[in-house]
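A.B. asks: Spelled out, the chains give:
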Amino acid sequence: MQKYSIFSLIKNAFSNHEKWDLAWKDPSPKKEYDVVIIGGGGHGLATAYYLAKEHKITKVAIIEKGWIGGGNIGRNTTIIRSNFMYDDNARFNEFGMNLWRNMSQELNFNVMFSPRGIINLAHSDAQMNAYARRGNSMRLNGIDAVLLNREEVKKIIPMADFSDDVRYPIFGGLAQPSAGTARHDAVAWGYARQADSMGVDIIQNCEVTGFDVSGGKIQGVRTSRGDIKTKKIGLCVAGSTNVLAEKLNITLPIETHLLQACVSEPVKPVLDGVVTFGAGHFYISQSDKGEMVMGGDLDGYNSYAQKGNLPTIQHVLTGGIALFPFLSRLKMLRTWGGIMDMSMDGSPIIDKTHIDGLYLNCGWCYGGFKSVPSSGWTFAHTIAQDRVHELNEGFSLNRFSKGYLLDEKGLGTKTWIS
Amino acid sequence: MLSIKCPFCGYRSQKEFAYGGDGTVKRPELNQEISDDKWNEFVYLRKSPRGKHVELWHHVAGCRQWFKVQRDTVTHEIFQTAKMNEEIK
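Protein sequence lines correspond, in order, to chains A and B.
So for the first sequence, my numbering puts the first residue at 1; every next one is plus one.
So for the second sequence, my numbering puts the first residue at 419; every next one is plus one.
Here chain A stands alone, though its shape is the one from the complex:
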């Protein structure tokens, strides 16, 4: 594999950049693999990469229905954070933060990880108390958390509405200074390129049509490009989890919902980090190009549409304008949607299943992007060793029937309101 550096850039400039190696090959599926990963998104690509790198398993195929980077890895709002209260979520995502910090060097691909910080705003005394508690929990897990008062928040985001007559005045907020954003496409491409160089086959335009299960064991997978024999399958298909589970006769604690995001026209730098509104569901950051990147509520009913409905965007931006009045003067450049595997407690599932050789990675709700490295790392461990790692012990499939929920927001099972 060609190493990307200033020298290779200069060298290729002399040939008009026409002689770069392909970042990854486009192989046809072989008859048999040790492990087949279904889903060539962030989680699937990271899983294959760590299978090859950490566990030396390289007879691996990634099967992708569409193209690499075409799903939620290219549709998210690129927020990376580990500001969780519960131990399982906090440790898992803080482990991921360390992988994020080294990712560009490790993948030899600039993922533009930019730790500019996140602030969750509070709009009441009760919310301040809740954030103080969450901040303390985070610090016990070694995560940086800073409780900010109104004046401290005002220094960081002076353009927010700090006037006296607002419906939801800003009381303060909880900041995680080490949180940030990254370039999401580069994450997919970086993992794909490295996995490919270690021998992983990335097979695009290949849809799974069925599974070959006998005697309670995985024997293979049937695809639109032929049958593939394998003993181990890792499912990383986010919003299509329910569809493939149905083919396996499994019912999961997952519902599929639509989440929209939007960006405005680009403006000069105005917002440094990520800010979330505490009185509604709205989050915002500014991209390197200057666009305001925004998102919020789900569309609110089960959906596989991958495109959204206008009332939700209006509702989300109403919250946005309440927080940052200047947004009302911006034009929206584009909106888009992606389908989310909403779990019943808002936390993911990375686990084995009752079918021998079938491994499950789902339930990321709308927070899957930040967990790409930690999910890939732990899922690769779970598949390679046939047992969960202590980092993903809490993300078990049977926690629902056992009552060990990880309901970070305390919202219960109504996935569409989370």
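By construction, these hints were calculated from the structure, which means they are not laboratory data.
Among these hints, one or two may not hold up.
[Claimed, not checked] Calculated cross-link-like contacts (lysine-lysine; reagent style DSS-like; alpha-carbon spacing at most 25 Å): (1) B/K507 / A/K53; (2) A/K414 / B/K456; (3) B/K456 / A/K352; (4) A/K53 / A/K229; (5) B/K470 / A/K414; (6) B/K501 / A/K409; (7) B/K501 / B/K433; (8) B/K470 / A/K247; (9) B/K444 / A/K247; (10) B/K465 / B/K444; (11) A/K31 / A/K11; (12) B/K470 / B/K444; (13) B/K465 / A/K352; (14) A/K307 / B/K423; (15) B/K465 / A/K247; (16) A/K65 / A/K232; (17) B/K444 / A/K414; (18) B/K470 / A/K307; (19) B/K456 / A/K30; (20) A/K402 / B/K456; (21) A/K414 / B/K465; (22) B/K470 / A/K217.
Knowing the structure of chain A, use the given hints to seat chain B on it.
C.D. replies: Structure of chain B alone, referenced to chain A:
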């Protein structure tokens, strides 16, 4: 925006309604022994099909009645709505 036909009020804008989730989930019988599996199934497990989905909606800014809707989860086409004591055919 969806246009939903409330069985009591007729077609109204989506804004008048609240979603109530999968309409096929049935609570285990009252006053009977319920196994953990049955309870798990009722509280947590959902098929969430791609295609036709029977779900509950609440006409919360209207007649305040709950009712059933059969909708396509890809195209959002609504095939049928019915009162709670009626079946979706």
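A.B. asks: Now, for every hint given, state plainly whether the structure supports it.
C.D. replies: Against the structure, the hints:
Only pairs whose Cα atoms come within 25 Å are accepted, and B/K507 paired with A/K53 is rejected, the gap being roughly 53 Å. A hinted pair counts as satisfied when its Cα atoms are at most 25 Å apart, and A/K414 with B/K456 qualifies at roughly 19 Å. Proposed proximity of B/K456 and A/K352 is supported: the alpha carbons are some 21 Å apart, at most 25 Å. At roughly 23 Å between alpha-carbon atoms, A/K53 and A/K229 fall within 25 Å of each other, so this suggested pair holds.
A hinted pair counts as satisfied when its Cα atoms are at most 25 Å apart, and B/K470 with A/K414 qualifies at roughly 20 Å. Restraint check for B/K501 and A/K409: not satisfied, since their Cα atoms lie roughly 33 Å apart, outside the 25 Å limit. Restraint check: the Cα-Cα separation between B/K501 and B/K433 comes to about 20 Å, which is no more than 25 Å; the hinted pair holds. With a C-alpha separation of about 16 Å, the suggested pair B/K470 and A/K247 falls inside the 25 Å cut-off, and the hint holds.
For the hint pairing B/K444 with A/K247, the CA-to-CA distance comes to about 23 Å; that is within 25 Å, so the pair holds. Using a Cα cut-off of 25 Å, the hinted pair B/K465 and B/K444 holds, with the two alpha carbons roughly 13 Å apart. For the proposed pair A/K31 and A/K11, the alpha carbon gap of about 39 Å is over 25 Å, so the pair is violated. Restraint check for B/K470 and B/K444: the C-alpha separation of about 18 Å stays at or below 25 Å, so the hint holds.
Straight-line distance between C-alpha atoms of B/K465 and A/K352 comes to about 20 Å, which keeps the hinted pair within the 25 Å bound. With a C-alpha separation of about 23 Å, the suggested pairing of A/K307 with B/K423 holds against the 25 Å cut-off. At most 25 Å may separate the alpha-carbon atoms for a hinted pair to count; B/K465 and A/K247 meet this at roughly 11 Å. For the proposed pair A/K65 and A/K232, the alpha carbon gap of about 19 Å is at most 25 Å, so the pair holds.
About 16 Å separates the Cα atoms of B/K444 and A/K414, which keeps this hinted pair within 25 Å; it holds. For the hint pairing B/K470 with A/K307, the CA-to-CA distance comes to about 18 Å; that is within 25 Å, so the pair holds. Restraint check: the Cα-Cα separation between B/K456 and A/K30 comes to about 42 Å, which exceeds 25 Å; the hinted pair is violated. In summary, the hint linking A/K402 to B/K456 is supported, as the alpha carbons are separated by about 13 Å, within the 25 Å threshold.
A hinted pair counts as satisfied when its Cα atoms are at most 25 Å apart, and A/K414 with B/K465 qualifies at roughly 14 Å. For the given pair, B/K470 sits about 31 Å from A/K217 by alpha-carbon distance, which is inconsistent with the 25 Å threshold.
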